[in-house]
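My request is simple: use the sequences and hints to build the entire structure.
Here is how the chains run, residue by residue.
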Amino acid sequence: MSGPVADEPILSVRNLYGRIAGQQVVEDVSFDVPATGVTALLGRNGVGKTSTIKSILGLIDRSGEVRLAGERIDRAPTHRIVQRGVAYVPEDREVFGSLTVAENLRLAERDRSPRRELVASLFPDLEARREQRAGTLSGGQQQMVSLARALVNENRLLLVDEPTKGLAPRIVDEVADALAEAARTAPILLVEQNLLVVRRLAERVVVLSSGRVVFTGSAEELLDDHDRVQRFLGVHDEREAA
Amino acid sequence: MDTLVLLLITGLGLGALYFLVASGLSLIYGLMGVLNFAHGAFLTIAAFLGWEAGRRISDGTWTGLAISALVGILVGATVAVLTEVLIIRRLYERHIEQALVTVGISLAAVALFEGIWGTDPIYTDRPAWLTQTTEILGARIPNDRFLLIACAVLVLGGIVLFLRRTRYGLIIRAGVENRHMVTALGIDVRRSFTLVFAIGGAAAGLGGVLASVYYGYVSAHLGSVLLIFAFIVTVIGGLGSLTGAAIASVLVAVLQQFANFYLGGTGDLVVVVLLAAVLLIRPRGLMGKAA
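Residue numbers (UniProt numbering), protein chains in the order written: chain A, 1 to 242; chain B, 1 to 291.
Hints were generated in silico from the structure; no laboratory data involved.
Quick reminder that beta carbons are idealized off the backbone N, C-alpha and C, glycines included.
Hints may contain errors.
Just a few of them, taken from the derived set where beta-carbon distance is under 10 angstroms, the chain B residues facing chain A [to be verified]:
id: 1; residue: Leu91
id: 2; residue: Arg94
id: 3; residue: His95
id: 4; residue: Ile96
id: 5; residue: Ile149
id: 6; residue: Ala150
id: 7; residue: Val176
id: 8; residue: Glu177
id: 9; residue: His180
id: 10; residue: Asp188
id: 11; residue: Leu286
id: 12; residue: Lys289
Okay, the calculated beta carbon distance ranges per label pair [said to hold, decoys possible]:
id: 13; chain 1: B; residue 1: Thr194; chain 2: A; residue 2: Ala168; range: 42 to 50 angstroms
id: 14; chain 1: A; residue 1: Glu91; chain 2: B; residue 2: Val272; range: 36 to 44 angstroms
id: 15; chain 1: A; residue 1: Gly97; chain 2: B; residue 2: Arg89; range: 24 to 32 angstroms
id: 16; chain 1: A; residue 1: Thr216; chain 2: B; residue 2: Arg90; range: 35 to 43 angstroms
Which chain B residues face chain A? A few, computed with CB under 8 angstroms, are given here [what the hints assert, rightly or not]:
id: 17; residue: Val160
id: 18; residue: Arg173
id: 19; residue: Ala174
id: 20; residue: Asn178
id: 21; residue: Thr183
id: 22; residue: Ala184
id: 23; residue: Leu185
id: 24; residue: Gly186
id: 25; residue: Val270
id: 26; residue: Leu274
id: 27; residue: Leu275
Quick look at the structure:
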């Protein structure tokens, strides 16, 4: 697996359009994701953040140019994009409820040497529940399974969609800890509504509005500017969005 | 008592036949969302070619029947794979087109089979034991029912083992639940589609040969008749549920036998009433997942 050259973005999105059932949900989106750290994709509800992630992965109809470490992936089917090292943690977890935790993880293993020790160290609770059906786990535990499925392989990029949605504050901290650890191993494009989590994890942000990019820059620059936060994200401060 | 035993065991035998057809239908719908109306054609072509091979080598013997079964399984699997690769694959997510094309295949297949083998049923020779009966609790049970039940149990066990013990089985079980997420884990789920068609076609092929044993003939309409009941079984069991298909196969066939005997030959009507009741009370079927 060849890494990107210095300063080259791991992911480059140009003029991306996405459609669901013929309706335009992503419109002319362009941004880069650096080869290290966490980049947050932000915006109000329904602006097209999840659709942008799905367009990058080819899970919905899309056009435009998407490059992974310089290689075009916009014509590749989803499974090929993932095989190139793009892991996906979907909104609402989407664990396989009828399969056990162990089966969910085994299904996700693509590498010859899956990182089972890393997953076990990050999510010790899952080790104790290996034979439990994933559908019977709590929301937080399901999120751990979803993250573990992504982290069990060596990745070049993680696409993580609303990992703290609907979780209790204590679990949000655990998920953020896991993401901080994951960011040491691969860059992350993170869709997140909780601005406290964004401030803790992200160095850069890309803000969408009506399916278009309206701001790119450092996370600190955006989050310290209350007017922009209010205008772009519709909240007054970070606690309100948490 | 003897009548009850007779109806129960012959019902189990008929249920075994339904299951062999319904298992493939259920897996195919569960994984791919395809209502495959061409499934009956897989069964019929397998029954004809199985019969042709068996009678040429050793007609009316166990060897001939074993060859028929082997050829039927291979033909069923091959025709199913060809159908998936050449036709269905282009129509995933296009449910109306899938229904139209598979209905078209089933109609064209019947016409083709009638053109080749004629419109009348062709009566087949079976090993002598299969034409005899065995007494159980005073009931004289046709021996062919035992063969049907044994084959269905073996097929059910084989499919369950495959689904539980192999990586492809794991992929299929996950795909039945959420195939887009399987793709998003880097797995080419289309290979599993072909495999599921092959498994379904093989089971239907075996079902075709056993149907010719059960009815004592092969005909161009063999698959069409069984397909109707297999669909009913699949819906009652819950689309996509193999266990549901097995339970519903037995339930439908036993009910059919009892209604035919005790309610003046109204078995088919009772089954349709049961289907309507299940659709009204529990639309996802006995074991189907909630919408």
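Verification of the supplied hints:
{"no.": "1", "hint": "Leu91", "verdict": "17 angstroms, violated"}
{"no.": "2", "hint": "Arg94", "verdict": "13 angstroms, violated"}
{"no.": "3", "hint": "His95", "verdict": "14 angstroms, violated"}
{"no.": "4", "hint": "Ile96", "verdict": "15 angstroms, violated"}
{"no.": "5", "hint": "Ile149", "verdict": "28 angstroms, violated"}
{"no.": "6", "hint": "Ala150", "verdict": "29 angstroms, violated"}
{"no.": "7", "hint": "Val176", "verdict": "8 angstroms, holds"}
{"no.": "8", "hint": "Glu177", "verdict": "5 angstroms, holds"}
{"no.": "9", "hint": "His180", "verdict": "6 angstroms, holds"}
{"no.": "10", "hint": "Asp188", "verdict": "5 angstroms, holds"}
{"no.": "11", "hint": "Leu286", "verdict": "16 angstroms, violated"}
{"no.": "12", "hint": "Lys289", "verdict": "8 angstroms, holds"}
{"no.": "13", "hint": "B:Thr194 <-> A:Ala168: 42 to 50 angstroms", "verdict": "44 angstroms, holds"}
{"no.": "14", "hint": "A:Glu91 <-> B:Val272: 36 to 44 angstroms", "verdict": "42 angstroms, holds"}
{"no.": "15", "hint": "A:Gly97 <-> B:Arg89: 24 to 32 angstroms", "verdict": "28 angstroms, holds"}
{"no.": "16", "hint": "A:Thr216 <-> B:Arg90: 35 to 43 angstroms", "verdict": "40 angstroms, holds"}
{"no.": "17", "hint": "Val160", "verdict": "14 angstroms, violated"}
{"no.": "18", "hint": "Arg173", "verdict": "6 angstroms, holds"}
{"no.": "19", "hint": "Ala174", "verdict": "5 angstroms, holds"}
{"no.": "20", "hint": "Asn178", "verdict": "6 angstroms, holds"}
{"no.": "21", "hint": "Thr183", "verdict": "5 angstroms, holds"}
{"no.": "22", "hint": "Ala184", "verdict": "5 angstroms, holds"}
{"no.": "23", "hint": "Leu185", "verdict": "5 angstroms, holds"}
{"no.": "24", "hint": "Gly186", "verdict": "3 angstroms, holds"}
{"no.": "25", "hint": "Val270", "verdict": "32 angstroms, violated"}
{"no.": "26", "hint": "Leu274", "verdict": "26 angstroms, violated"}
{"no.": "27", "hint": "Leu275", "verdict": "25 angstroms, violated"}
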